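With the sequences and hints as input, model every part of the structure.
For the sequence shown, counting from 1, position 4 maps to 4 in this note's numbering; every step adds exactly one.
Please keep in mind that the hints were generated in silico from the structure rather than gathered at the bench.
Since the structure is predicted, the reported quantities are computational estimates derived from the model, not experimental observations.
Among the hints, erroneous ones may be present.
[Claimed, not checked] So the derived label-pair ranges between C-beta atoms look like this: (1) Lys65 / Met1: 33 to 43 Å; (2) Lys65 / Ser6: 27 to 37 Å; (3) Ser42 / Lys7: 31 to 41 Å; (4) Leu82 / Met1: 34 to 44 Å; (5) Pro99 / Lys7: 17 to 27 Å; (6) Glu67 / Met1: 34 to 44 Å; (7) Lys7 / Ala64: 15 to 25 Å.
In this text, a Cβ means the ideal position worked out from N, Cα and C, and glycines have one as well.
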Amino acid sequence: MALSFSKIPTKELVKGVTGKYAHGSTFTVGYVSIEKGAIMPSHSHIHEQTTHVLSGQLEMTVNAKAEILETGDIIVIPSNALHSARALTNCEVIDTFCPVREDYK
1 MALSFSKIPT
11 KELVKGVTGK
21 YAHGSTFTVG
31 YVSIEKGAIM
41 PSHSHIHEQT
51 THVLSGQLEM
61 TVNAKAEILE
71 TGDIIVIPSN
81 ALHSARALTN
91 CEVIDTFCPV
101 REDYK
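Here's what the structure looks like:
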């Protein structure tokens, strides 16, 4: 069944960070918009995560190592890794999580 992100309700994660999420049986994928200056505070979860930057510049810190991600970059975040993000510009990213993010349903 095909889905359109334009028809999926928006979920606000923190101020300036919103996502639209689709769920398979073993994973979650999200289209996330991040406003310049928005910060996703340091956190961890059981899910393995990838973040693929579609546009913009995003500073991500994973296990105390900061990296600047730009359009086209992808980062793999291991399960239970402490991580955070800060948008240096307006950003659009695709996040994937395995297993399913039940809290994003």
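message = Tell me the hint numbers this structure goes against, listed in increasing order.
response = Hint check: 7 fails alone, others pass.
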